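*Asks:* Given the coordinates of chain A, work out where chain B should sit on it, guided by the hints.
First to last, the protein sequences are chains A and B.
The numbering used here numbers the first residue of the first sequence as 15 and each following residue consecutively.
The numbering used here numbers the first residue of the second sequence as 1040 and each following residue consecutively.
Each computed DSBU-like pair below joins lysine-lysine, with the alpha-carbon atoms no more than 30 Å apart:
id : chain 1 : residue 1 : chain 2 : residue 2
1  : A       : 217       : A       : 117
2  : A       : 429       : B       : 1198
3  : A       : 560       : B       : 1153
4  : A       : 85        : A       : 16
5  : A       : 560       : B       : 1198
6  : A       : 643       : B       : 1212
7  : B       : 1212      : A       : 560
Simulated from the structure, these hints should not be mistaken for laboratory data.
Just so you know, these numbers come straight off a predicted model, no measurement behind them.
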Amino acid sequence: MKDLIKQYLDQGISRRSLISGLSAAGVSAVAAKAMAQSLAPFASPAKAAEAQGAMRPVTGRGGDLYVQQLKSAGVEYVFFNPSTGDAPIFDAMVDEPSIHLIKGVQEGAVTAMADGYARLSGKPGVVIVANVGLPNAMTQMVNTFKDRIPMLVTVAAFGQEQLGEEGPQDYDFQEYSLSPITKWRWTALTAAGIPETTRRALKFATTPPCGPVFIAIPDNELRTEATAMIMDQSLFTVSMKIRPDQDDIKKAARMLIEARNPLLTVGDEITLCNGEKEVMELAELLGLPVAGQAEFGTWSKPFPTRSSLYLGPMLRNMQYPGSIDVHLNIGSRYAEVATKGAKLISMRQDPTSLARVTPVDLAMVADVKLGTADLVAAIKSMAPVDRLRRIAADRKERTAAYTRQVGALRQGIAKSLHNGSPIHLERLAFELESELEKDTIFVTDCDSGKSMDPLMSFGGDDKTYISTGPNILGWGVAAGFGAKLARPDQPVVTILGDGSMMFGGPQPLWSMSRYQAPVTVIVFNNKSYNNERNRIWTFSGGEQFKLGRDMTCYNGNPDVDFAKAAVAFGVEGETVSDPDKIKGALARAKRANIDGRPYLLDVDIQRDGIGAGSTYYPEYSIADQRTRKV
Amino acid sequence: MRTPILSACALAATLVASLPAAAQQQQTPPLPTGEGRDVVAQACTLCHALNTVLQLRQGADGWRSIVDYMVLHGAQLTRPQADQAVEYLATNFGPGVNVPQPRTQVTLPDGTGKDLVAVNCVICHGLDRIAAARRTPSDWQSVLARMQFLGAPVSNNDKNTIAAYLDANFGAK
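Looking at chain A on its own, in the form it has when it is part of the complex (with noise of 0.2 Å):
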């Protein structure tokens, strides 16, 4: 059989006589007519791509065929932590140099490490994880999925003559458990066909908008021998660079063009498509405010948060600019929102939430970069530059008169908090500021730690901001580690809470180690789930606020010496408790990254809010209860 699809895709025999040459060898009719029609795109063009290099047969275990199909994907990293299963995958890699395996130590921080790679590479991570401990994995894919990140995700399932009979790792319907974060899962249920699944997965996982795939193979496939066409992925990539209606683009110039009070608010897929730049000359163009999204939901930050026209998040009614008449929401889900009075234009790159729950007067889907040229060009085509500048300069001018006086307020905040002790996140924000290259790359996998924000500069020809919408934590030491991988000539910092780095942290140290990665890791330690706790008290105003009793968020006792703990791994730390030590601390954090070694800094961290002088904690002994002293 393999013979003959062969000689049908080498254009040796034709589609009949492929059909009545698998019914000869045992196949049925309708399954000789399935497959023929599944391989006739390809049978046509076979020679031609052959003949460039772009497709090629290949024999060998299924783990050599998906490593080959990697490889022709522009794979270059295989994020993993083994199995017995996937061994032939490794096998395949043995002589295989193209590929380099980063291996981390918990399927989680396997996955993490792949999504920064994702977020900073724009390239699909790829991750090998055992498939009992996919649930693992499962937790950091929820980040992935949320923030459309491509990412490909392989487990070596079970042999086929296994599956269902409930062994001691085996569950039912695994795939299925990843519906609702997956865009795709689907499993090859043959050797031959693992490169196709492959390549469909990748497809799925990289065409916009992007989110991670799951593909299971199970083992006894992965080692069985067979022959298939490997092809180059990039005849599988589909564009997505697509361009608005022209007719809505000019409608949507008009209503900027005569709205009295108008806002931009801006999110994650202008990040996704690169139109920071054709955002910034729109906002520039008309003089529009910009308002980011808020805490929650966002991973970027697409616009220059140094700008004067830039607000901070996005709130429901904001007091600037007061009572806007025409909202332009660019790549933003959460800050989609209906204003009243006011019509809201949105352009987005993912159709599944535009307008999914508010009403939106004018949708465009669109690639964000050339849907705002467009718009930038239609703006210009329809008013003359004069016009066009005194509308921007009034607007400019009253927005850069607020933005100057909320930037000098938040610094002087942070100023009359300047040599507390603990150190108050915002002394720690100054040194950051003060002390970091501005090409840094900036991932932060904070809560509390959010209140440095507004005291810092990102984006434009600032620092790169990486973070993660869902805010599922344990993320950041890893994404540092992926994202230093993806970048390794920009300065890498990943700053966390001590609830994170308890989380996820400690694992990613090991790779960091390992891999040499030259990363500065800052817990900042306040010994608490900081901000959750002000917002159970807040929000809810439950009992634990009424009797200043905090049943679920103080961290202490025992207080965790994390930088002992990296050194356990393998990574230089010290422990900062005096601010004005933060600055030398980040110098040495600095050096040693230069010598090509990872630096972690424990920083002994003010707790703030509601509740922020009790360290009580429901106690429990289970020493105490023995009666027995064993």
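*Replies:* Leaving out everything else, chain B in the frame of chain A:
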């Protein structure tokens, strides 16, 4: 351990996404009239209801720390508005002003420091908050330092006396 924080994150995200609606749904007691009332009403309710805030009693430093915290988390206030909000809150929700009733009445045991507790703590909250948790000596010190900052009119000497009393009568084993 992972599940609770995930749930909490999800809760927080939900709250942030739907705060104004949630804020409106919760029954918030009316704010007293006075300069700064509208600033507080507008700036705070964009993100959360007021009923929790209104149960707090704090001095100006305490309220300023809260207002500053909110500014750094996105509250849209200018310096004059922030100052006005702090003054309004400290005036209308400061120590000794219409202190919320305790949920349960607590009788303090006799001992040195009892009078200091009875006089100073109740200007902001009921004694039930004191009796609600057994705390370690260092926790009581930490809480008392925080109370001083928030506006409790207690000298350092008195603070130590109070700490000894609380440790003796409400200390963790």
